[in-house]
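A.B. asks: Using the sequences and the hints, build the whole thing.
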Amino acid sequence: MTAIVLPELKNGSGGLPSQPTQPVASHRRDIAVPALLIEDASKRFIVGRKRKPVVAISHVSMRLERGDIHGILGANGSGKSTLIRLISGLLTLDEGRVEVFGHDIVRDEMAVKRLINRVSVDAAFFKKLSPMENLLFAARLYGMDGTRAKREALQILARLGIGANRTTRPIEQMSRGMQQKVAIARALLTSPTLLLLDEPTTGLDPRSKLDVQTFIEELRETHDATIVLTTHDLAEAERLCGRITILNDGRVVAEDTPDGLIALVASRLGRPATLEDVFMTFTGRSLDDDVEEDESESDD
Amino acid sequence: MTIVAHELKASYAFIERNFFLTRRYWGWEIAFLVYSVAGALSISLIGADQGSPTLLLTLMVGAIFWNYLSVVFSWIAETISVERWEGTLEYTMMAPIRRWSQLLGSVLYAMVYGLVHTTVILIVLILFFPQLDLAGANPVTVLAFMLLGSFSFVGIGMIAAILPLLYVERGAQMTFVLQSCLLLVSGVYYSVEILPPWMQVLSHLSPATYVLHGVRAGLLKGTSVVDLFGDVWPLLVMGVVFIPFGLWAFGRAERYAKRTGKLKRVG
Ligand SMILES: Nc1ncnc2c1ncn2[C@@H]1O[C@H](COP(=O)(O)OP(=O)(O)OP(=O)(O)O)[C@@H](O)[C@H]1O
Ligand SMILES: [Mg+2]
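Just so you know, the sequences run in chain order X and D. Anchor point for the first sequence: position 35 equals 35 in my numbering, and the numbering is continuous, going up by one each time. Anchor point for the second sequence: position 208 equals 208 in my numbering, and the numbering is continuous, going up by one each time.
No wet-lab data here; the hints were simulated from the structure. Glycine residues also receive a C-beta, built at the ideal position from the N, C-alpha and C atoms. Be aware that one or more of the hints could be misleading.
[Stated by the list, open to error] Capping the alpha-carbon separation at 30 Å, the derived lysine-lysine pairs in BS3-like fashion look like this:
#1 K221/D with K150/X
#2 K262/D with K127/X
#3 K150/X with K9/D
#4 K221/D with K128/X
#5 K127/X with K258/D
#6 K52/X with K221/D
#7 K264/D with K128/X
#8 K127/X with K221/D
[What the hints assert, rightly or not] To be clear about the criterion: a stretch of chain D counts as covered by chain X if any three or more of its residues have a C-beta under 8 Å from a C-beta of chain X, and this derived list gives those stretches:
#9 66 to 77
#10 124 to 133
C.D. replies: Right, dumping it as C-alpha cells:
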C-alpha cells in the first residue's frame, strides 16, 4: 500500500503550491513519510575571529506527522527561530538533515519551498504598499494568478478581522497587530502544507490572539496543514499543540504531549503542576544538569 | 514548460511590485526626474557656453545615457537593498522561484523605467536647445545600443546587488562607489583617449564605454548598427560573460549569507 502511495505523494507535493495535495489527504493513515523530519541538526554562528562560535542548535532531532501541531518552547535565545530558519532554508545546516514530506531540503530545494511558508515575529512588508499589493506580490511568487490571489486574500483577511476597506491603504498606517494578521494571511494564501509559525501571536490583543488560534485549528482541520509553532504564550501552546519540544541552549531537553510534560514535572515536584512549571523546570539554568540526566533517562 | 511559465509569472511579480512602488512614491519620482533633468541640462550648457554644437551634443548624450545606465543599474541593485531594508528578503528568498526569474523581472522593469525616464529628459533637452540638429541621427542605432547596454549592465548590477545583500546599512551606498568608478573610466563626458593608459585598460572593460561611443556615432553621424560592430561585439560578450558570472557570484553570496546568518534583520 505504502509503495503505491509514495509516488503519488511525490507528485502531489512537487506540484504547484496552489494545488493543496488533496489526493494524498485521503490516504493520510497509510503514509509513513513524516511531514517534517529533522535528524541531528546543528548550527553554529561565527561571531568574531577571537570569539567562540555561538552554538544556536545542537543535535536536534524531531519528527512530525501530517496534521500535527508541534510546539517549540524555550527561553529567549534558546534557538527556536534558528530552528525555524533552518527548516525554511534561510540558514544552511552545519550538520544533520531535514526532510519535508520526504524531500530533502537541500537536494529538493524547490519542491520543499513550494510546500512551506513561514510567519515570523516581525511583520516584514513593503510598508508604503497596501496589504493587497503586498499579498499579491507574495501570491505571485508562489504561482497564483492575480484574480484568485485577490479573492482569497480578501477572504482570509476578513476571517482575521480585517475589512476590505483597510486593504488599499499603506500598511504602515496599520497597527502592529493588524500588520501581524496580514503577515499570517500572506503565509496562508499560498496554502502551505507545512506552516512554520514563529511567535505568530506575539503582540496581538486577547481577542485577536483567539481569532488567530481558532484559525490555526481550522487550518489543520480544513487544509490538512502541519504546523510548527513557537510561542511564549503557554496557554496557547497547551491549547493548540499536540506535542511540545522544549529547547534550552539549542538542545532538546524534553519532548512530549503537554499532559505528559505536566505529569512528568508534577511527579518530580510532588505537587500538581502547570505548563509554566514545566517551562521553568526545563529552562532554568540551575537545573541544567538535573534536566540532562532526566533526558537520557526518558530517551531510552 | 510549466516550470518556465511559473518562473515567468514570478518575474512578473517583481515587475508589478516595482511598479506599485513607483506609483506609491510618485512624488519622489517627479523630484528625481527634476533632479535628472537639471543635471543633464547643466552639463549640456557647458557645451552651449563654449559655442560648440558638437560639444553640446557630446555632453548631452553623455548626460542622458549615463542617466539611463545608472537608473537601470540602481534598480537592479535596489531590488535587493529595498527588500533588505524592509525585511521582506527572507520571504522572497523562501519563495519557490529561481534567482534568474527575480533578476529578469527587475531588469525588465528597470529598462522600461529607464526608457521612460530618459525619453522625458531627451524631450526637455530638445525643447531647451532648439538649435540642435538631429535630422541626421539614426534612432535605430541609439535604441539598439540602449538595449545592448542594459543587457551588459545586468551582470554588473547583480554583482552590485551582492553588497546590499550582505551589508544592510551601507551596502546600497557602496553601489554608488561602483557607479562613480564606471563614470570615471567610461568616457561619459570626455573621450577615453585623454585618460592615462592604465585607466584606458579599465575603460575597455566597462560596457558604458561602448554604449556611449555607439550612441554618439548614431546620434551625431547617423552611423548604422552594422558599421558599429566594433562596439556591438564587446557588449554582447560582456552580457554573455557578466550575466552568468553575476548569477554565480550572487548565488555564492546568498549561500554565504545563509551560512553566516546574514539574511536576518529581526526576530
Ligand atoms: N544571524 C545570527 N548571527 C549570529 N548569532 C545568531 C544569529 N541568529 C541567532 N543567533 C544566536 O543564536 C542563538 C539562538 O537565537 P534564536 O533567535 O534562534 O533564539 P530564539 O529562541 O528564537 O529567541 P527568542 O525567544 O528571543 O525569539 C542566540 O544566542 C542568538 O544570539
Ligand atoms: Mg525567536
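A.B. asks: Look at each hint and say if it fits the structure.
C.D. replies: For each hint, the structure was consulted:
1. K221/D with K150/X: Between K221/D and K150/X the Cα gap is close to 52 Å, so the pair fails against 30 Å, i.e. violated.
2. K262/D with K127/X: holds (22 Å)
3. K150/X with K9/D: With a Cα-Cα distance of about 16 Å, the restraint between K150/X and K9/D holds, given a limit of 30 Å.
4. K221/D with K128/X: violated (46 Å)
5. K127/X with K258/D: holds (25 Å)
6. K52/X with K221/D: Cα-Cα ~66 Å, so violated.
7. K264/D with K128/X: holds (21 Å)
8. K127/X with K221/D: It is violated: about 48 Å lies between the C-alpha atoms, which goes past 30 Å.
9. 66 to 77: violated (count 0)
10. 124 to 133: Since three or more residues must qualify, the claim that chain X covers the region 124 to 133 of chain D is violated, with 0 doing so at under 8 Å.
Violation of the numbered hints given earlier is confined to hints 1, 4, 6, 8, 9, 10; the remaining hints are satisfied by the structure.
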